[in-house]
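Engineer: Sequence:
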Amino acid sequence: MLFEIVSLVIGVALASLFWKAPARLLRVSAYLAFLLAVLLLALAGTGWPLFRPRLHQRPMTETAQQSLQLAHSAGGHVSLWLISLVTPLFVAAALRHRSSPWRRLVLVIVAVFVAVGWLLVSVSGYLLPANVPNPVPRSLAPVVIRFGVLHMLGLPVLLIPALLFIGWRHLRSASQLVAA
15 MLFEIVSLVI GVALASLFWK APARLLRVSA YLAFLLAVLL LALAGTGWPL FRPRLHQRPM
75 TETAQQSLQL AHSAGGHVSL WLISLVTPLF VAAALRHRSS PWRRLVLVIV AVFVAVGWLL
135 VSVSGYLLPA NVPNPVPRSL APVVIRFGVL HMLGLPVLLI PALLFIGWRH LRSASQLVAA
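Here the sequence shown stands for residues 15 to 194, where the numbers follow my numbering.
Hints listed in this document are in silico derivations from the structure and should not be mistaken for laboratory results.
So the derived label-pair ranges between C-beta atoms look like this:
no., residue 1, residue 2, range
1, Leu84, Leu141, 16 to 22 Å
2, Arg152, Pro73, 17 to 23 Å
3, Ser113, Ala85, 37 to 43 Å
Note that CB positions come from ideal geometry on N, CA and C, so glycine has one too.
Make the full structure from the sequences, and use the hints.
Structural biologist: Shown next, in the form of structure tokens:
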């Protein structure tokens, strides 16, 4: 929790530092949005192979499972620091757009949605009990399915396009500022 607060304070400081250079603020926030989209895909790449053996599919060696769990867990924790860092930058960049107030409001809403959605993905990662046997017994199947739909499908499918939208809009606006 302390690292998230520190990274949030650093994000606010960076947003205030870049406030006077809107093109740089927009460009940095766009690149960070693309980076978060890639990180989310990487987390999906480590999480899906962990989930498949629980669904009675391909078995996994103990070493591979431990390695993937470590990578997925570490990536999830680092992603919380990153989202705490970039949320102030996303909001500041949305407010610095040279567009109509409605478009700025939409970008602020999307930025807040990304932050809240990312936190929900992280929290839903803890919803699946750690002591679930492998493969999953039928009595626990509804819990595991709920986890799978929320953590691995629903929220990431919404977050990746939102991050790509933020990145695209900020890069486009930065290029318009530089050209003007």
